[in-house]
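Participant: Each protein sequence line maps, in turn, to chains A and B. Using the UniProt record's numbering, read the first sequence as starting at 1 and increasing by one per residue. Using the UniProt record's numbering, read the second sequence as starting at 1 and increasing by one per residue.
Incorrect hints may appear among the rest.
[Claimed, not checked] For lysine to aspartate or glutamate, the following DMTMM-like pairs were computed, each having C-alpha atoms within a straight-line distance of at most 25 Å:
id, chain 1, residue 1, chain 2, residue 2
1, B, 262, A, 240
2, A, 195, A, 240
3, B, 262, B, 331
4, A, 262, B, 331
Note that these hints are calculated values from the structure, not bench results.
Each chain is listed here by its residues.
Protein chains: 2
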Amino acid sequence: MSSKTTLADVARLANVSVATASKALNHTDRISARTQRAVLKAAEQLGYDKANRTERSREHSGLIGLITSDYNGRFALPLLTGAEITLGASNHAALLMSSHGRPALEKSHIDRLAVHGVDGLIVVGDTTNSRPPLDPQTTMGLPVIYAYDPSRDPNDCSIICDNIGAGAQAIEYLLNIGRRYIAVIAGPEDFQAAKDRVLGAQRTFILYDFQPIAILFDAWSEEWGERAAQLLVEQHPHLDAIYCLSDEIARGAVRGLRSIGKRVPQDVAVIGHDNWFIFAANAHPTLTTFDNNITIIGKTAAQFLLDALAGRPHHGVTSIECPMIVRESTEPRRHTALESTGRVYERKTS
Amino acid sequence: MSSKTTLADVARLANVSVATASKALNHTDRISARTQRAVLKAAEQLGYDKANRTERSREHSGLIGLITSDYNGRFALPLLTGAEITLGASNHAALLMSSHGRPALEKSHIDRLAVHGVDGLIVVGDTTNSRPPLDPQTTMGLPVIYAYDPSRDPNDCSIICDNIGAGAQAIEYLLNIGRRYIAVIAGPEDFQAAKDRVLGAQRTFILYDFQPIAILFDAWSEEWGERAAQLLVEQHPHLDAIYCLSDEIARGAVRGLRSIGKRVPQDVAVIGHDNWFIFAANAHPTLTTFDNNITIIGKTAAQFLLDALAGRPHHGVTSIECPMIVRESTEPRRHTALESTGRVYERKTS
Numbered sequence: 001m002s003s004k005t006t007l008a009d010v011a012r013l014a015n016v017s018v019a020t021a022s023k024a025l026n027h028t029d030r031i032s033a034r035t036q037r038a039v040l041k042a043a044e045q046l047g048y049d050k051a052n053r054t055e056r057s058r059e060h061s062g063l064i065g066l067i068t069s070d071y072n073g074r075f076a077l078p079l080l081t082g083a084e085i086t087l088g089a090s091n092h093a094a095l096l097m098s099s100h101g102r103p104a105l106e107k108s109h110i111d112r113l114a115v116h117g118v119d120g121l122i123v124v125g126d127t128t129n130s131r132p133p134l135d136p137q138t139t140m141g142l143p144v145i146y147a148y149d150p151s152r153d154p155n156d157c158s159i160i161c162d163n164i165g166a167g168a169q170a171i172e173y174l175l176n177i178g179r180r181y182i183a184v185i186a187g188p189e190d191f192q193a194a195k196d197r198v199l200g201a202q203r204t205f206i207l208y209d210f211q212p213i214a215i216l217f218d219a220w221s222e223e224w225g226e227r228a229a230q231l232l233v234e235q236h237p238h239l240d241a242i243y244c245l246s247d248e249i250a251r252g253a254v255r256g257l258r259s260i261g262k263r264v265p266q267d268v269a270v271i272g273h274d275n276w277f278i279f280a281a282n283a284h285p286t287l288t289t290f291d292n293n294i295t296i297i298g299k300t301a302a303q304f305l306l307d308a309l310a311g312r313p314h315h316g317v318t319s320i321e322c323p324m325i326v327r328e329s330t331e332p333r334r335h336t337a338l339e340s341t342g343r344v345y346e347r348k349t350s
Numbered sequence: 001m002s003s004k005t006t007l008a009d010v011a012r013l014a015n016v017s018v019a020t021a022s023k024a025l026n027h028t029d030r031i032s033a034r035t036q037r038a039v040l041k042a043a044e045q046l047g048y049d050k051a052n053r054t055e056r057s058r059e060h061s062g063l064i065g066l067i068t069s070d071y072n073g074r075f076a077l078p079l080l081t082g083a084e085i086t087l088g089a090s091n092h093a094a095l096l097m098s099s100h101g102r103p104a105l106e107k108s109h110i111d112r113l114a115v116h117g118v119d120g121l122i123v124v125g126d127t128t129n130s131r132p133p134l135d136p137q138t139t140m141g142l143p144v145i146y147a148y149d150p151s152r153d154p155n156d157c158s159i160i161c162d163n164i165g166a167g168a169q170a171i172e173y174l175l176n177i178g179r180r181y182i183a184v185i186a187g188p189e190d191f192q193a194a195k196d197r198v199l200g201a202q203r204t205f206i207l208y209d210f211q212p213i214a215i216l217f218d219a220w221s222e223e224w225g226e227r228a229a230q231l232l233v234e235q236h237p238h239l240d241a242i243y244c245l246s247d248e249i250a251r252g253a254v255r256g257l258r259s260i261g262k263r264v265p266q267d268v269a270v271i272g273h274d275n276w277f278i279f280a281a282n283a284h285p286t287l288t289t290f291d292n293n294i295t296i297i298g299k300t301a302a303q304f305l306l307d308a309l310a311g312r313p314h315h316g317v318t319s320i321e322c323p324m325i326v327r328e329s330t331e332p333r334r335h336t337a338l339e340s341t342g343r344v345y346e347r348k349t350s
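Excised from the complex, chain A in its bound form (with noise of 0.2 Å):
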């Protein structure tokens, strides 16, 4: 019998839910001891733990599964990069599978991964929105670390960036270096990172009391941060600095802002975002922006992943700072260093 035991059956006989009876199971959860204690008693008497761990996997087989729904993996290798700097200390691995954001892949990837015995789970979105938590049924008891995109429910361990810092350190950052008057170029409203990038900065603004000169919402492209920046000197010709949510809006801003014969940065400064290198470094001028620290969100996630498999699970979101990287956009050339490299900026006020 114990073979074919199932998380189900543990539920019934506890008289709990099949995710209470995997939270009890995993010590994922603060849940209260009685119902934990009826748990195991539950899953001793039908021999699930042991029988559970040893058909589907061997103890701790040292693998973490990734799941990730990144396409063009800006955001999921260098995650998994910081990973397993983290998890081969421990001689842990990391195994990436790619789930495209759709349920049902993501729902049999986790499941194929547990059968081979991963120890642990760390999902890694695209998005900065929040996601639905990953069935309990599907998880069946593996810890599991929401990363970039964090878990809707505040109990799961998710870590994210600090995206209203960032937008607070913008415009601190402008305001230092003189300039007044400061627009923000966004992406879509309907992202957190462009919600939690403007929220900050309005922080900001009214702790200095200063008014931004607009705040535009659109797309995460260039195209748009030129046509905004055109947009906005059109009807405010002594603006001095626009914070871009996204090193491409600043590129195509930069773009916009050369057209109509504006010099970056001594007219205007310009911010990015997300510090890809490949645009913010190789850009004309270079790009001051913000490095998304992804590497640091992977060996963040892991560590407590490893936490969570010692007994001492983490619960809530843990947001990691992203430092602001200077560059020309917003300083002229001094010296050669800091024209791909940048330096990182020093906050004044936290």
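Mind docking chain B on chain A? Use the hints.
Facilitator: For chain B alone, kept in the frame of chain A given last:
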């Protein structure tokens, strides 16, 4: 005894090298029928094949391992996607591990994958340069397909981009649209992709009895494209076309040409390479370029691996055609659909 039998024991009994024993057991290489019989007999005598498979895997786990040395995911993720499309149809799934081009990590990843029962391997490069084949003691008889970077062993199965064909087509197209003073701006001379694209271009120059104005090698960067384009116009004011070996170089070339008053494409037509969407389709003008067809490479690699698993291994290097995508940098805008998606150029000769 059988559970401790190693491939080396089988090789010793059959009086062949470990590499030959591995190839014979896996049917992955052309070796004499006599040798193959000797190895299979030795394996049977020692109970090797069965013991080995039982120990390290379920038979046909349905899992394929991808090992990539690509850090930023630009090649690895689209290739993974292509492989998944093909594998999904036969109920296989793909796991990706990142080796950062470090042979020791590559070996340890393959060991992990073999222990966890993958059926075969796809090794993904990111340079186009040929690479040493994996040690048979590492692959332990698993079939291997090399993608993007070919194996140096001509008996291995490798899938690459047809860079020679792309170079030939670029020049043919420029001649067809009436350009006569054509230069090539290449990347670093030690990249096979640069050598092959230049070789293809030279073949068309010879075929049509034309001399290129110049062929300049240096870096895969916008900065180099800009500098090279300015240099070319300075020395050859009648220049009317540039074939650039990457989209980044092409974007730099467009910038350089504009900075000295040349219009693209009216004065100088510019072609890029890679069809890296964010670069090529967001450029101004949008870039005519070659698509590396990475997803098709992934699909083909997966199909060839499934063929090997079914006892029909492929050998040698298979080149996948890179379609040319025509956009505004070579042909003035005629209709809006051309702007970002472009159209595939139909070859006149082949």
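Participant: Evaluate each hint against the coordinates.
Facilitator: A quick look at each hint next to the structure:
1. For the hint pairing residue 262/B with residue 240/A, the CA-to-CA distance comes to about 30 Å; that exceeds 25 Å, so the pair is violated.
2. This hinted pair checks out: residue 195/A and residue 240/A have alpha carbons roughly 23 Å apart, not beyond 25 Å.
3. Simply put, residue 262/B and residue 331/B have alpha-carbon atoms about 15 Å apart, close enough for the 25 Å limit, and the pair holds.
4. A distance of roughly 29 Å separates the Cα atoms of residue 262/A and residue 331/B; the hinted pair therefore is violated under the 25 Å criterion.
When the structure is compared with the earlier hints, violations turn up for hints 1 and 4 and for no others.
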